[in-house]
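Protein chains in written order, with our numbering: chain S, 1 to 284; chain P, 285 to 568; chain W, 569 to 852; chain R, 853 to 1136.
Just to be clear, a hint being listed does not mean it is correct.
Claimed, not checked - Here are the simulated lysine-lysine pairs, BS3-like style, with alpha carbons at most 30 Å apart:
| no. | chain 1 | residue 1 | chain 2 | residue 2 |
| --- | --- | --- | --- | --- |
| 1 | W | Lys646 | R | Lys880 |
| 2 | W | Lys596 | R | Lys948 |
| 3 | R | Lys961 | S | Lys109 |
| 4 | R | Lys880 | W | Lys632 |
| 5 | P | Lys393 | W | Lys834 |
| 6 | P | Lys371 | S | Lys272 |
| 7 | W | Lys778 | P | Lys556 |
| 8 | P | Lys550 | W | Lys596 |
| 9 | S | Lys128 | R | Lys948 |
| 10 | W | Lys595 | R | Lys930 |
| 11 | S | Lys203 | W | Lys847 |
| 12 | S | Lys203 | R | Lys930 |
| 13 | W | Lys646 | P | Lys398 |
| 14 | P | Lys536 | W | Lys834 |
| 15 | W | Lys682 | P | Lys412 |
| 16 | S | Lys252 | W | Lys820 |
| 17 | P | Lys398 | S | Lys252 |
| 18 | W | Lys820 | P | Lys536 |
| 19 | S | Lys128 | R | Lys966 |
| 20 | R | Lys948 | W | Lys595 |
| 21 | P | Lys398 | W | Lys696 |
| 22 | R | Lys925 | S | Lys96 |
| 23 | R | Lys948 | W | Lys840 |
Unchecked claim - So the derived list for chain P, only partly shown, Cβ under 7 Å to chain R, looks like this:
| no. | residue |
| --- | --- |
| 24 | Ile499 |
| 25 | Val524 |
| 26 | Ile534 |
| 27 | Lys536 |
Calculated from the structure, these hints are not laboratory results. The C-beta atom is built at its ideal place from N, Cα and C for all residues, glycine as well.
Protein chains: 4
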Amino acid sequence: MKKIILLIHCRDRSGIIASVTNFIADKKGNIVYIDQHVDREQDIFFMRLESEFSNSTFSIELLKEEFNASLAKRFEMKWRIYSSEEKINMAVFVSKYDHCLYDILGRYKSGELKVNIPFIISNHNHLKPIADSFNIPFYHIPVSKETKTSAEDQQLKLLEEHNIDFVVLARYMQIVSGKLISKYPNKIINIHHSFLPAFVGAKPYHSAYKRGVKIIGATSHYITEELDAGPIIDQDVAHVSHAYSIEGLIAKGRDLEKIVLSNAIKLHIHRKVMVYNNKTVIFS
Amino acid sequence: MKKIILLIHCRDRSGIIASVTNFIADKKGNIVYIDQHVDREQDIFFMRLESEFSNSTFSIELLKEEFNASLAKRFEMKWRIYSSEEKINMAVFVSKYDHCLYDILGRYKSGELKVNIPFIISNHNHLKPIADSFNIPFYHIPVSKETKTSAEDQQLKLLEEHNIDFVVLARYMQIVSGKLISKYPNKIINIHHSFLPAFVGAKPYHSAYKRGVKIIGATSHYITEELDAGPIIDQDVAHVSHAYSIEGLIAKGRDLEKIVLSNAIKLHIHRKVMVYNNKTVIFS
Amino acid sequence: MKKIILLIHCRDRSGIIASVTNFIADKKGNIVYIDQHVDREQDIFFMRLESEFSNSTFSIELLKEEFNASLAKRFEMKWRIYSSEEKINMAVFVSKYDHCLYDILGRYKSGELKVNIPFIISNHNHLKPIADSFNIPFYHIPVSKETKTSAEDQQLKLLEEHNIDFVVLARYMQIVSGKLISKYPNKIINIHHSFLPAFVGAKPYHSAYKRGVKIIGATSHYITEELDAGPIIDQDVAHVSHAYSIEGLIAKGRDLEKIVLSNAIKLHIHRKVMVYNNKTVIFS
Amino acid sequence: MKKIILLIHCRDRSGIIASVTNFIADKKGNIVYIDQHVDREQDIFFMRLESEFSNSTFSIELLKEEFNASLAKRFEMKWRIYSSEEKINMAVFVSKYDHCLYDILGRYKSGELKVNIPFIISNHNHLKPIADSFNIPFYHIPVSKETKTSAEDQQLKLLEEHNIDFVVLARYMQIVSGKLISKYPNKIINIHHSFLPAFVGAKPYHSAYKRGVKIIGATSHYITEELDAGPIIDQDVAHVSHAYSIEGLIAKGRDLEKIVLSNAIKLHIHRKVMVYNNKTVIFS
């Protein structure tokens, strides 16, 4: 039995749902999940559908071709069909902070993250022992103003050689260039340590302390060229008080960061995120 | 244009989604919302679907007949089709606490609750002035051990005379009898002042204080014959500390109770709740 | 028995706590609550203390004099001593939204808010019936560009005539002028419908929708001349999804607004808020 | 400079706070933190105080003696004085689940948990590689019905040899005997995977699934002889829906468990927990 995931978005029109479910039924698929959303402001239709095919002759390539030639054309859809069996390749970029890395690798090891992690890249050497203890190759690629371009070329080469599907910036403290972003559009997940759009930029906990907020947060998002302004995937917050020092805020925030980043990774892996208009639709 | 809501549950089988969407397409309906759930432990399929019909000859009665004769029979479905235009009738039962009543009536007046409230019933006279100020008929039906049966007969008579669709117990401090429950199965919503199943029964805040919990909660649920054991619709919680007296817990809890009860009312009105196996499926 | 609340802030120094507790013991007071905070960045000490005095000759005026002449001078303190018995006078300003007003008046009537509400002021007439049903005088003072100054003079006159201690802007949709703010510094509480500092200004729910946040919030704060930038008293948030329309965000937000505003009012009434450096210390 | 933490509880009486602050001032201590709580139901007074002593002749032993002879006697106090410099020894017990262990060791390594971990004990061998990668001795002490007593003797011997101050059961799936509990009263912290007192006992996620709750939780508590009934230190919860399978609840719950357990460990280390009457007072 093969299982596929279909993602669609297009202008909203009458009859889309019935047409799609018919198409799947025609191909002898059994729909096991369907969810849809309509953005009524923009008049855009979104759908996520999972289907099982038990006929021995089933071919995902053929399905894609036929879908493209029929419905995709008719409704002018943007669409993707994924096999839900294949494990995808995820690269992790880190700097010196270890809490998100420990969290990701712990979940990876226990099988919670169904993904391959071919390597970890860092601009520092500090976290190599963690990579070693989890038996994951670690590439130290230092970044300075002068070496930024060549460093990025090395990163890109590694990403391409290992067929990386998406990248996780697990508190990677360097700004990623437009070149890399354009090669991995909506495929580079960052964790920002505030409830965006509050406290964009560096040192959000210092800003939060100064402003005297009673809540701090963390935001996972796809990066875009505009800093901290990409589509938000997940957010969470925690209550704090005047009694928290900046260090206290940072410690509390670490727990948010790791949970919110891991949530985003899981949503991405399960193809539950659709991006449009710099926002996300998150299917359940 | 007519808009309907279709709710289905039945044993899970291959082809249900396609069959239902086909049926709607055949009747010239445009599906504007579809969501489904499968309970994999019990192998039960659930669906909620909204559809618009713009043909002038559309009849909801005919649709029901045809659905019943075809799909409902074939898949052995339990199903409901509602017109989403019609306002339904909601009765409110109260005793002496006013916070849930104020909250409900405030939302009612502002149009947030799309419902009719033909009357309020209470076993006390205390809240009559509130009913008066909102111009809602108020029936004082005292309840004692001796009068319990006749009181209930009066309640039932009022419910029937006003074609009440569902009942809200807004901190009504009397146990409702099996007779009333059996006439309104999964149609009587109660608010319990704890995060059930913790602290079943009377005085949950006192029990919470005694146990020294760091979180209190509230639970809205349909009542069943077993006390505080009916299907849960919504729950919410708040953090508390040792510094809270019992009165402090009660005050904090009031805010939870009113929000959680109003959420349940809205979910019920919009036909987003399905009950099976003493649990609920809550559609988004 | 008399009960007082003492609030202090001053530069942090060795010996303050012992000196203050000694002072109270000397005056035959029994300390029933003490809490303190030190801002280690700014080196500022804060204290809140409650004490009971059962001697028949106790005079709060005398206590203030002696405190001022001794400790206040020695440690260069800013301080306040309040009688915790006296009910303080709170004015409410509204426009057209009723949810915060209902919430405040419901709590007021039930005795949860230990305060007097001599009147409600509004720039519209819409909410007069609510004021009437709670038997609270309602002053309709329209505000336009031309009448803004004279309107404010009327407001000030009412505030002064009724010895108003603090003002609550319960979704009052006008900008309050510097003149009024300077007469009631840290005594005008506003509710802003976002988790500040995100979405400052008008229409925060529209901005939240556009940015695609997964969390919305509300913030109660003292107003200052800079819009939405005053000291934050309380904040709360709720999770939302792409499925929320702007109207859905607004409806969900109303529940946050009313709870967060009422929390701020209660903290203010119980003298649990200290302001410095455009931030608050909130005692438990 | 020496820093101490003083914890007190006794029957509430007039004059305690002033007496204690006087005592500290007499000894040339500078109070840097003071907080207190009175349980008005039981009439019990609690205090936590931190003080710095810069005189070169300061002796914590002398301070204890003098405190005991004076105030402790006069007010019949139960009290503790701790040096806040000394690192305390924490033992970790695990079985097969690794998420809490990873979380604890990650925080330990990064310096967030200011504690020594002389060893890890487990009734299984599964998690030895994790202990190895963090360079912490790992003792495999299998437990069966027959070996339970001798296993416990081995555990006790290790605890005593290493001067263990407190024990953390990081998802240790064995019931700890009364003998061990009585040697470490209010010093063995367990994490239970539900919001106690709901779902006491084994398999709480299965029970939560069956009951159809909309919220799951985790509870850290000191163990007592009665199963899952000891004093609660910290609790947290997360919203779930009908769409969660049991496995989904378990995965979501893991995030709660690790955060709630680590919070309890930090509170215990910093001497912020006082136990009485099977409840806790948690100082900020």
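Structure-based check of all given hints:
1. Lys646/W - Lys880/R: holds, 26 Å
2. Lys596/W - Lys948/R: With a Cα-Cα distance of about 60 Å, the restraint between lysine 596/W and lysine 948/R is violated, given a limit of 30 Å.
3. Lys961/R - Lys109/S: holds, 19 Å
4. Lys880/R - Lys632/W: This hinted pair holds, its Cα atoms lying about 28 Å apart.
5. Lys393/P - Lys834/W: Holds. Lysine 393/P to lysine 834/W sits at ~26 Å (cutoff 30 Å).
6. Lys371/P - Lys272/S: Not satisfied, since the Cα-Cα distance of roughly 35 Å exceeds 30 Å.
7. Lys778/W - Lys556/P: Holds, because 27 Å separates the two Cα atoms, which is no more than 30 Å.
8. Lys550/P - Lys596/W: violated, 56 Å
9. Lys128/S - Lys948/R: holds, 26 Å
10. Lys595/W - Lys930/R: holds, 28 Å
11. Lys203/S - Lys847/W: holds, 19 Å
12. Lys203/S - Lys930/R: Judged against 30 Å, a Cα distance of about 44 Å means the pair is violated.
13. Lys646/W - Lys398/P: Given pair lysine 646/W, lysine 398/P is violated - Cα atoms ~53 Å apart, limit 30 Å.
14. Lys536/P - Lys834/W: holds, 12 Å
15. Lys682/W - Lys412/P: Holds: lysine 682/W and lysine 412/P sit about 24 Å apart, inside 30 Å.
16. Lys252/S - Lys820/W: holds, 27 Å
17. Lys398/P - Lys252/S: violated, 42 Å
18. Lys820/W - Lys536/P: Within the cut-off at roughly 19 Å; holds.
19. Lys128/S - Lys966/R: holds, 24 Å
20. Lys948/R - Lys595/W: violated, 61 Å
21. Lys398/P - Lys696/W: holds, 24 Å
22. Lys925/R - Lys96/S: violated, 52 Å
23. Lys948/R - Lys840/W: violated, 47 Å
24. Ile499: Since chain R brings a Cβ to about 5 Å from isoleucine 499/P, closer than 7 Å, the hint holds.
25. Val524: violated, 10 Å
26. Ile534: Not OK, violated: isoleucine 534/P not within 7 Å of chain R, min 14 Å.
27. Lys536: violated, 15 Å
Of the numbered hints given earlier, the model fails hints 2, 6, 8, 12, 13, 17, 20, 22, 23, 25, 26, 27; all others are met.
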